[in-house]
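Asker: Build the full structure now, drawing on both the sequences and the hints.
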Amino acid sequence: MATAKKRARSGAAAPARAAAMEPETLHRAFRDMLLLRRFEEKASQLYGMGLIGGFCHLYIGQEAVVTGVQYALGPGDSVITGYRCHAHMLIAGVPAREVMAELTGRAAGASKGKGGSMHLFAPERGFYGGHGIVGAQVPLGVGLGFAHKYRASDRISVTYFGDGAANQGQVFEAFNMAALWQLPVLFVIENNQYAMGTAVERSAAVSELHERGAAFGIPGGRVDGMDVAAVFQAAEEAVAGLRAGDGPLLLEMMTYRYRGHSMSDPAKYRSREEVSKMRQERDAIEQARQALLDAGHADEDALKEIDREIKAIVNDAAAFAQEAPEPAPVSLEADIVARA
Amino acid sequence: MVQLTVREALRDAMAEEMRADPDVFLMGEEVAEYQGAYKVSQGLLDEFGVGRVIDTPITEAGFAGIGVGAAMGGLKPIVEFMTFNFAMQAMDHLINSAAKTLYMSGGLLPVPVVFRGPNGAAARVAAQHSQCYASWFAHVPGWRVIAPYSAGDAKGLLKSAIRDPNPVVFLENELLYGQSFEVPADGEHMVPIGKAAVARAGSDVTVAAFSIMVGRALEAAETLAGEGIEVEVIDLRSLRPLDADAVLASVEKTNRLVTVEEGWPFAGIGAEIAALVMDRAFDMLDAPVARVSGADLPMPYAANLEAATLPGAAAIADAVRRVCYRS
Ligand SMILES: Cc1ncc(C[n+]2csc(CCOP(=O)(O)OP(=O)(O)O)c2C)c(N)n1
Ligand SMILES: [Mg+2]
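From first to last, the protein sequence lines stand for chains S and G.
The letter at position 96 of the first sequence is residue 96 when you use my numbering, and the numbering goes up by one with no holes.
The letter at position 101 of the second sequence is residue 101 when you use my numbering, and the numbering goes up by one with no holes.
It is worth saying that the hints were derived from the structure and are not from the lab.
Warning: the hint list may mix true and false statements.
[To be verified] Going by beta-carbon spacing under 8 angstroms, a handful of chain G positions derived as facing chain S:
(1) Asp92
(2) Leu108
(3) Asn166
[Stated by the list, open to error] Label-pair distances were calculated between CB atoms; the ranges are:
(4) S:Pro329 / G:Lys195: 24 to 32 angstroms
(5) S:Ser276 / G:Glu33: 53 to 61 angstroms
(6) S:Ser44 / G:Tyr34: 50 to 58 angstroms
(7) G:Met278 / S:Ala107: 34 to 42 angstroms
(8) G:Ala249 / S:Glu323: 27 to 35 angstroms
(9) S:Gln322 / G:Lys195: 44 to 52 angstroms
(10) G:Glu33 / S:Glu211: 44 to 52 angstroms
(11) G:Met278 / S:Ser331: 43 to 51 angstroms
(12) S:Ser331 / G:Pro192: 46 to 54 angstroms
In this text, a Cβ means the ideal position worked out from N, Cα and C, and glycines have one as well.
Answerer: This is the structure we're talking about:
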């Protein structure tokens, strides 16, 4: 456990700059993060047009977190999160069409139109949802880790949750059992500073959320979640420890959401300056772009070309999601129970 | 046939399924070293070891969620609640995580988990430890809800529950654990989920009951036979899916129905069955359906008050006489 602690803390203490990443990985990260962002921007448009209903929580601003962590994973690892889950689906490799068609409630959607924005799943790609009850995914994620250990495999479970979710009692119950049974669970707090309108300092008696595992002997570290290279490095070290059987680990990713909590939130609880400062100074995609240009790994034209490709993918997904038929009425009663 | 207590039958069911499928494991408070708070898991730790018979901390929300997550990960967990009263702390996982995920995922993510443990009133433990949750769980689409009476059904239905690809709530009864019944010796004794049984055949009145109330109904039927009333006792066994056909077939014969449950009457299982029969067999009824249930109040401690709260054979017999216009 002590080694795991050192590994995690080193990721936090010496934040890598995007430039420190292998050029191909950085290139891929730029492209992937751009896909997540353009997808969300398009979803926001479709929402405005009334094509997406209900709650729709965008991940814009937080792209580096899910991207850097995913790069540290391999086939057979499991990932679970809350309702802010579009990016987790896309980064797991689910086609944008399937995700967007779920947002518009169509039969071709990932959940056949039964789940919507908050309930996306791709178990065949290791993604287990997409859960709407704040904090509930944490014991579930520990259960996924339990299954890996039960099978004596070296696969791990990544369990994402928010800064708000970190205050849920069941999170501590899950921490306790994960540590007690030394389960291969990487807890990732996506600390975007707010739970709806509540800033961390207004909800957490101690806002060092990475220390929340201390009572259970779970080492934790803070990571610059706006820097995909720092996230990747911390995640890679964490995953190596987990695969080696070091037991659970907690990474607090310091990140920021640019948009409101959901589409209906004008975000009046924070200043415009706060948001624009983050966007201008810390944006993960901008950092990656600059690093690629500075190191001469790409030129402006090449990066613009990537953006064009991404936009084409997203436009195609949006068109598909509007044209795809709604679920057939007979599907209403399908999948309530599984047939033996 | 062999004589088995319900306790032994449940243990045998788990042991047989654990031998047959390495993905089946048991977790819960005191299930391993202590051999079960009610000794239902007696001997399982010895046979299967600490990897598959797992003591949890007292942390219902946490281990219920872990059980559901392990099922999502492809295992077949049996999660024991020391009693279902404590499952209230885990209700969110039972409802939101276990029951709804298959549907929400468009069929992608099944949750083959069994939650089992004693349900209903024990003896003299008062309100917080004496409640029947049958109607709570039966209310929820996505669940299988089972409440057996006999040892044979306990065994056969628990085996079916473990093999079922859906989440199953398996409601046992502490007072039945020590009761003996004849059970087929065959290890593959299976009882299908969703099928009621005729516990006693009769032509005059149908009494539909489940769990410990089947015993009370059989007692009442014996008394009533002496008065010339032949009662057909239907042991519902499963509450979701409910075997509507079995209830309707019996009512078609008897034209009278009494429902019995230990739980509260409001929005209870009896209310549901009464609605079912009104809907699908209104013309067959010669009398309004009568419901026998626990009294509509938190369970009192005093022996006499507790007895007045729980439905017994006398109350069932009274209801039967009433629907026969004999009282
Ligand atoms: C148990 C529960 N309580 C309240 C809500 C309503 N709710 C949805 S998201 C949210 C804020 C959660 O914030 P955080 O955990 O920081 O995640 P973020 O939205 O910032 O990603 C709340 C209160 C809920 N879904 N579940
Ligand atoms: Mg937050």
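Asker: None of the hints should be skipped; say for each whether it holds.
Answerer: Hint by hint, here is what the structure shows:
Taking 8 angstroms as the C-beta cut-off, the interface hint given for Asp92 (chain G) holds, the closest approach to chain S being about 6 angstroms. Proximity of Leu108 (chain G) to chain S holds as hinted, the smallest CB-CB distance being about 5 angstroms (cut-off 8 angstroms). Among the interface hints, the one on Asn166 (chain G) holds; its C-beta lies about 5 angstroms from the nearest C-beta in chain S, closer than the 8 angstroms criterion. With their beta carbons about 30 angstroms apart, Pro329 (chain S) and Lys195 (chain G) fall inside the hinted range of 24 to 32 angstroms.
Range check, Ser276 (chain S) to Glu33 (chain G): Cβ separation about 59 angstroms, and the 53 to 61 angstroms hint holds. Between Ser44 (chain S) and Tyr34 (chain G) the C-beta distance comes to about 55 angstroms, which sits within the given range of 50 to 58 angstroms. A hinted range of 34 to 42 angstroms holds for the C-beta pair Met278 (chain G) and Ala107 (chain S), which are about 37 angstroms apart. Checked against the given bound of 27 to 35 angstroms, the beta carbons of Ala249 (chain G) and Glu323 (chain S), roughly 50 angstroms apart, lie outside it.
Range check, Gln322 (chain S) to Lys195 (chain G): Cβ separation about 46 angstroms, and the 44 to 52 angstroms hint holds. Taken as a hint, the range 44 to 52 angstroms is violated for the pair Glu33 (chain G) and Glu211 (chain S), whose Cβ atoms sit roughly 33 angstroms apart. As the Cβ distance of Met278 (chain G) to Ser331 (chain S) is approximately 30 angstroms, the hint placing it in 43 to 51 angstroms is violated. The hinted range of 46 to 54 angstroms is not satisfied by Ser331 (chain S) and Pro192 (chain G), whose Cβ atoms lie roughly 27 angstroms apart.
Of the numbered hints listed earlier, those contradicted by the structure are 8, 10, 11, 12.
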